[in-house]
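Asker: Residue numbers (the UniProt record's numbering), protein chains in the order written: chain A, 1 to 377; chain B, 1 to 377; chain C, 1 to 377; chain D, 1 to 377.
Possibly wrong hints are sitting among the right ones.
Any copy, or any two copies together, can satisfy a pair, since identical chains are not distinguished.
Here are the simulated lysine-lysine pairs, DSSO-like style, with alpha carbons at most 30 Å apart [stated by the list, open to error]:
| hint | residue 1 | residue 2 |
| --- | --- | --- |
| 1 | Lys209 | Lys364 |
| 2 | Lys61 | Lys212 |
| 3 | Lys364 | Lys212 |
| 4 | Lys170 | Lys265 |
| 5 | Lys212 | Lys43 |
| 6 | Lys212 | Lys187 |
| 7 | Lys209 | Lys37 |
| 8 | Lys265 | Lys187 |
| 9 | Lys43 | Lys115 |
| 10 | Lys117 | Lys187 |
| 11 | Lys187 | Lys151 |
| 12 | Lys151 | Lys170 |
| 13 | Lys6 | Lys170 |
| 14 | Lys170 | Lys187 |
Think of the hints as simulated: they come from the structure by calculation, not from any bench. All of these numbers come straight from a predicted model, not from anything done at the bench.
What follows is each chain in one-letter form.
4 protein chains.
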Amino acid sequence: MVGGGKGAFIGAIHRIAANMDGMIELVCGALSTSPEKADESGKMLFLAEDRTYHSFEEMIKNESQLPADQRMDFLTIVTPNHAHFAPAMMALDHGFHVVIDKPISFTLDEAKQLKKKVEETGLLLLLTHTYAGYPMVKQAKQMVKSGELGKIRKILVEYPQGWLSRLSEKDGNPQAAWRTDPERSGKSGCMGDIGTHAAHLAEYISGLKISKLCADLNIVVDGRLLDDDGNVLLRFDNGANGVLVASQIAAGEENALRIRVYGEKGGLEWAQQEPNTLILKWLDEPAQILRTGGHNLTNYAAFNSRTPGGHPEGYLEAFGNLYRNFALCLSARIDGSTPPEEALDFPSVDEGIRGMAFIDNVVKSSLSNEKWTNFEV
Amino acid sequence: MVGGGKGAFIGAIHRIAANMDGMIELVCGALSTSPEKADESGKMLFLAEDRTYHSFEEMIKNESQLPADQRMDFLTIVTPNHAHFAPAMMALDHGFHVVIDKPISFTLDEAKQLKKKVEETGLLLLLTHTYAGYPMVKQAKQMVKSGELGKIRKILVEYPQGWLSRLSEKDGNPQAAWRTDPERSGKSGCMGDIGTHAAHLAEYISGLKISKLCADLNIVVDGRLLDDDGNVLLRFDNGANGVLVASQIAAGEENALRIRVYGEKGGLEWAQQEPNTLILKWLDEPAQILRTGGHNLTNYAAFNSRTPGGHPEGYLEAFGNLYRNFALCLSARIDGSTPPEEALDFPSVDEGIRGMAFIDNVVKSSLSNEKWTNFEV
Amino acid sequence: MVGGGKGAFIGAIHRIAANMDGMIELVCGALSTSPEKADESGKMLFLAEDRTYHSFEEMIKNESQLPADQRMDFLTIVTPNHAHFAPAMMALDHGFHVVIDKPISFTLDEAKQLKKKVEETGLLLLLTHTYAGYPMVKQAKQMVKSGELGKIRKILVEYPQGWLSRLSEKDGNPQAAWRTDPERSGKSGCMGDIGTHAAHLAEYISGLKISKLCADLNIVVDGRLLDDDGNVLLRFDNGANGVLVASQIAAGEENALRIRVYGEKGGLEWAQQEPNTLILKWLDEPAQILRTGGHNLTNYAAFNSRTPGGHPEGYLEAFGNLYRNFALCLSARIDGSTPPEEALDFPSVDEGIRGMAFIDNVVKSSLSNEKWTNFEV
Amino acid sequence: MVGGGKGAFIGAIHRIAANMDGMIELVCGALSTSPEKADESGKMLFLAEDRTYHSFEEMIKNESQLPADQRMDFLTIVTPNHAHFAPAMMALDHGFHVVIDKPISFTLDEAKQLKKKVEETGLLLLLTHTYAGYPMVKQAKQMVKSGELGKIRKILVEYPQGWLSRLSEKDGNPQAAWRTDPERSGKSGCMGDIGTHAAHLAEYISGLKISKLCADLNIVVDGRLLDDDGNVLLRFDNGANGVLVASQIAAGEENALRIRVYGEKGGLEWAQQEPNTLILKWLDEPAQILRTGGHNLTNYAAFNSRTPGGHPEGYLEAFGNLYRNFALCLSARIDGSTPPEEALDFPSVDEGIRGMAFIDNVVKSSLSNEKWTNFEV
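Work out the full structure: start from the sequences and follow the hints.
Answerer: As structure tokens, this is what we get:
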């Protein structure tokens, strides 16, 4: 693991998610750029002293020299966005598979280089768009794919949060500090951080691609350096229209990612805060409530849950599904076996490129007086 | 009553709403342009034969010649949009107060003439933006007004319906027929019919005015003549941003008007299909559930409900509130007394002009390649 | 109308409900036992002075001497429970149909006499068990009847309120005063007031009869004279078991009547505070959401609603349905026509007797050390 | 781990829960009474061959002879109820701490012996009443304890499931087979399996003890050997009344554990299927929505969650909390340090005895004609 030392949020999440199914063990780390903090964090996590590194370079180099059955199998990168690319490239170059927290990189160009490198090396890369790991999101995707909703006509996706309603980056909140800092986050704040999740979710479930968009990004809180809010009109490649709303100044909201997809025959609705429920609204029939572990589910939904119906699974299990599917593919590769089809379904470099392009395109559109900006990759 | 004969939807709603509080009685009608249907409908509604008219002209003329204590007090117009203006003007000219279903007229210019006429005559005009009649909508408005949410930063308003997911206007559905017909509905379909409700709700609750917008109107169902769907980016006069979505092809949705308003200190959420609940989401406190008939309500909420908490009031009561408040003002005028302040709060010509301007501006914006269109009245 | 003068709660509700569909007009009243209040209330309700009576005896006598086309068609009794019987009997004796708020009488014996009188006179009697008027309750009843849930196995019905959490009868709350007074309410408080609604709802939807019960009635608030809370184990005549909970000390609850009925194939759930939704939970299929005005409804549900799906109807409309169905039967009788089958479905003397027997039986059981008390009528 | 081999439900759950926080590692197992299945399961779980045992006796004996830093720290027992006692006693006798799935034993007497043994040895015992691990349940307990709701007056707890609506024990469902078998489950089916959870939750949150009860247990599905449904009237030691409903024939229900607790000043409501929400209903204020990771929470709630608000935690995390708190106490003991106060809060032998006594008392009451049975331990 690169990054994710004491006090970090997403590093701890990655560790729990990776741990959950007993398939993955944390064996080494370059957990902080501060040597003291790296050591302290390593100790806290029961790492061997000699595998508690002070930099990712040192780690990748040393690990690659260990015998194959002792060295780490893959590298997880949970640093701020600007520090994704270098360790990822170096890891791939040294033959390690890679897990990267989204967005995949700092620039679109880096994302393209990563794709090229992954194709050259044939290694696996997992991009942790967590929300694609929920069983009911998998279910939604499969239902759209099978045509149950008919041709998709409209997609409404929204991701309101309220935690940046104040200028918390000036109040010592480290999460706020790096996520609103162009040097570490990139050219967009809110859209890069959560807008990319929303865009990915829309494309993932619908199987469509955004073809053009019209963005209105805002810095609502005075003194902030990056957008903390935005609304985007969408057009998809089959002609469907849509709206994407992402905000970090929606005071009182927690993490209220929600999507609605409407087709000719019906619509579906999923909300991350009640993730085990998928509402199906039919044009000619009563609405139905699909539930994790319940009736009428596809293999994909069942494959990505662990408990019988009524035992709620949440964010950590969704995250765990990404890791587990990645691990299944990785161990199948090690065994020379074929992983189950359902395990192949995890986000990777293509999704990373779409995400970085989304950031580029919304920023470009927001600065433009033209209504529509073609979505260019 | 003009229009609203047998088979009409909104006419029956108006009659129940007007009836509800025992303050208003239907005494005469020009219920259909077909004499037979007018007579039949009059009989069905227990109208006196000599007050069952065959045209609004006949009705207004005859009624105005009856003694003051016998003639109708006001005229309700529930015809399609193209037939609002003529009876309204004639009624005002003959000294009758007027109730008009929204949108107020066929064109913005007519709306302006109506305003002028109302100002000249000093008569009352009620425009039935029903949703402004709900107690929890009144509550929301008063809370924003009193500053409890702080400065408003973002407004999300949506009105998805699914009933025009097919080309029902070709299938003998009379509602679909006139509402999708430019000759009777005007230059917009979905935005005129329900987008105006959403826009009114946003301005009503927030006390703000839309200052510019960016509209994407769509004809989703092949063969339709007017927009059946649309998404609009909004900017309000205090700098707040927003999104308005209205759709009649959101398959599986009923009448799912919903609004969220976010301020510096918190947000509120109201959904028409569960109208007795207002959710308050606070930046620094747990969310609260305000309820019709419950705790911490303003006078306005209490004034507009009839039952103790837990006895749900609905659409007809909201509609009834508009009529009741109008009737209270009207009878105060007759008595020479002062109506209660809360009764003064009903939509009228100004809201009618805003609605017609909204239609003009979204249509103009939708045809434009410029991102922003200034909201002109 | 007998009772329901200024300040009364349920009288005003009855008037709105009766008014709603334009079929019923209030023509006379004995609105209070205080002559001043009776006169004042009559004036407020636009009653003719000579039909504003000071006692029900005077009213029934005078009205019965008016010509048939002028006198009242039926009498509504909205007095406290102890004053139901006398005006009802006198009205029936003078040929007037009767509407009585529940419970039908003060004692079971009175209820039986009323039934006998109704049978002798052939007149109509409506008992206003309001909740049976909701469209989704009608739907639930018809679905059970048609066997869609299979044999019924379990019924959970609950009616928690919180408004008597304090000793409000000593604080000048007139509602609390009479409802907790054995002289006016009868031998039970909470169970008579709202337990009877819950019991009726269970029997109405399931089509079953309670055959034995085990009751635990409580006076929770010190100084109160009647039960303000109770829990009852139920056994139905087909062997199904159940639980009925009614409470007026469930602090924070409004009027949270809710019922769940489970059969061999699935269950249904309905909650009064969101009355337009009926949840169907299936053993082998995803749950479904039935909605007023929506898909897959029986005639009974459609017959008892006024608006398209998504326009919420509430308590007043449910109440209005009772009056409208009663009025349809009454006017069919006057016309000599046959009312629609759906209109025949309103509570009357049999339900009144069941309600009074329920009170007798829960009180008897509560005082007994035996577990089960047979439900005797 | 004893039990929990291939195909078992709760064994897998225990492993994920124990794994989750990286504090516990599975090192050995007697996973099945069938040697083949035990070996196969051991391999599947990456156990060392020499620590994959064929019986708990063998495992405890062998492990106790390993050096202290190599042998297992504690034993988890996830066998059917009849096979809890022997391994638990033997483990304690050999100095191992113990985790047991609920109910603690087959008989109340065994539970008492376990308590005695725990007291003698001073070892730790965790009884996995999972639902006590949810952060919002902790919150509820602390709020009651601090008096925010005032004196508790009424508790409604229910646990409806539908999975035994058919005679699945005859259809090859192994879960159904042992849970409905008196030889393996004990003297009660539904009440032992889930009624004990409900009873524990009521006592845990309220801090009260059931003092008497009146039970109606039912075998609803023909041919079943143990109760699959039941309703119980409750009286608590402070005089509060209550109802407990548990059913496994509530067709269409998943795992719908729900509790409501009403005090003098307000009530609270928690439902296991949406576990991150705790509704507070106040007598004099609007209701509030408390949320995991949100505002106004006690230390106990925060201590038992891992993610920021809006990232739902579920059943596995609640289960993980039990294990983590147990592990914190265990490692504090090893270190000689003091564990955080919040970690001490996990169910143990006293709760086990209450649970077994609950089973005894509801069965006794159900067979009695007396209304009330004193809760005897």
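Asker: Which constraints among the numbered hints does this structure fail? Numbers only, ascending.
Answerer: Of the numbered hints, 2, 5, 7, 9 do not hold.
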